[in-house]
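Now for the letters of each chain:
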Amino acid sequence: MAVNILVVDDSLPMRSVIMKTIKASGFGAANFFQAPDGAKALEELRSEWMDLVITDYNMPEMNGGELIMEMKKDDDLSSIPVIVVTTEGSREKVEEFEKMGADAYVKKPFTPEIIKEKLTQLLGEMQDEDSSEDGDGDFDF
Amino acid sequence: MKTALKTAMATSISEVLETMFFMSLDFGNNASIETDVVGDSDKVVACKITFKGEFSGHFVFLVPENTLLEMTENFMGLDSGDISKEETEGTAKEAINMLAGATLSSFDSGLVFNLSMPEILDSKEATASAKESEDEIIVVTNTAGGYIALKAIVESG
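From first to last, the protein sequence lines are chains U and W. Numbering (my numbering) for the first sequence: 1050 to 1190. Numbering (my numbering) for the second sequence: 2 to 158.
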């Protein structure tokens, strides 16, 4: 069964790289949706069911933290798992993401193995014909 | 602090360019921005990001346009003919975002810094930023596609 994944990042190349990496991680059958900031992401989330949100933190209009907080206030969106993908690497920031309600955190730069580990953790195994990587990255909170 | 920050910058360049852009690097010579990064290039793209925290300042990433095109090809997995200006500029912005984040967390992961949105400098600002001064921390690196530079300017702290 295909899953719907919303990729939120103000960088067009980074959205493209994240989607490419997800496909290479065994989730090639996923349906991808994109948004350039948190506000547009909320519009997408309210018009289409998503199984997972992968969001950048540092974005204009509404950042990734504000997006998560808005999702947690909405009964229809609060159970959707969220992965924060960001350059923010301090321990304090990581703890802040966790407190906000993020389900996982991936630090840029990342490898396909790390993305696969987080997706599998949140969505379960979903190997398909596009799968090409098999890794065991260690990137828990 | 200057030496530790320069070491963190070199570490982050290796981490980011090798992991996300699949570029091999050579830090082994005394290259300069003016001679090696600007050199014979028609155009050098300069991208800036500011940081605020325990100490504040900004980073500038300088890359010849043809090297940036190769970085974008590697990053997005596209052929150069299919790449738009928005994509090359977005790649430069994403590169400096990752370089700044990786540098600061490599310098001290216990410190919190807030990064601005990256911006592409206009040609006048890019020319000015290609000049080197003693109060800047500069790392110039040779990639397979040409030289690139990362500068840090600490303004307070």
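To be clear, the hints were calculated from the coordinates, so they are not data collected in a lab. Honestly, I wouldn't trust all of these hints.
[As the list claims (entries may be wrong)] Pairs of lysine-lysine, DSS-like flavour, derived with a Cα cap of 25 Å: (1) W:Lys132 - U:Lys1156; (2) W:Lys53 - W:Lys3; (3) U:Lys1072 - U:Lys1122; (4) U:Lys1089 - U:Lys1072; (5) W:Lys53 - U:Lys1148; (6) U:Lys1089 - U:Lys1069; (7) W:Lys7 - W:Lys86; (8) W:Lys53 - U:Lys1156; (9) U:Lys1122 - U:Lys1089; (10) W:Lys7 - U:Lys1089; (11) U:Lys1069 - W:Lys86.
[Claimed, not checked] Per label pair, the in silico range of CB-to-CB distance: (12) W:Met2 - U:Ser1096: 32 to 40 Å; (13) U:Met1118 - W:Glu120: 21 to 29 Å; (14) W:Glu87 - U:Asp1123: 43 to 51 Å; (15) W:Asn31 - U:Ala1051: 33 to 41 Å; (16) W:Thr4 - U:Met1118: 34 to 42 Å; (17) W:Ser33 - U:Glu1097: 20 to 28 Å; (18) W:Ser85 - U:Ser1128: 35 to 43 Å; (19) W:Ala129 - U:Leu1172: 45 to 53 Å; (20) U:Glu1144 - W:Glu133: 36 to 44 Å; (21) U:Ser1128 - W:Ser157: 40 to 48 Å; (22) U:Arg1140 - W:Ala129: 33 to 41 Å.
Note that the structure is a prediction, hence the values are computed from the model and not measured. A virtual CB, placed ideally from N, CA and C, is assigned to each residue, including glycine.
For each hint, the structure was consulted:
no.	hint	verdict
1	W:Lys132 - U:Lys1156	violated (32 Å)
2	W:Lys53 - W:Lys3	holds (17 Å)
3	U:Lys1072 - U:Lys1122	violated (31 Å)
4	U:Lys1089 - U:Lys1072	holds (23 Å)
5	W:Lys53 - U:Lys1148	holds (23 Å)
6	U:Lys1089 - U:Lys1069	holds (21 Å)
7	W:Lys7 - W:Lys86	violated (31 Å)
8	W:Lys53 - U:Lys1156	holds (19 Å)
9	U:Lys1122 - U:Lys1089	holds (17 Å)
10	W:Lys7 - U:Lys1089	violated (38 Å)
11	U:Lys1069 - W:Lys86	holds (20 Å)
12	W:Met2 - U:Ser1096: 32 to 40 Å	violated (49 Å)
13	U:Met1118 - W:Glu120: 21 to 29 Å	holds (27 Å)
14	W:Glu87 - U:Asp1123: 43 to 51 Å	violated (32 Å)
15	W:Asn31 - U:Ala1051: 33 to 41 Å	violated (54 Å)
16	W:Thr4 - U:Met1118: 34 to 42 Å	holds (40 Å)
17	W:Ser33 - U:Glu1097: 20 to 28 Å	violated (52 Å)
18	W:Ser85 - U:Ser1128: 35 to 43 Å	holds (37 Å)
19	W:Ala129 - U:Leu1172: 45 to 53 Å	holds (48 Å)
20	U:Glu1144 - W:Glu133: 36 to 44 Å	holds (39 Å)
21	U:Ser1128 - W:Ser157: 40 to 48 Å	holds (44 Å)
22	U:Arg1140 - W:Ala129: 33 to 41 Å	holds (37 Å)
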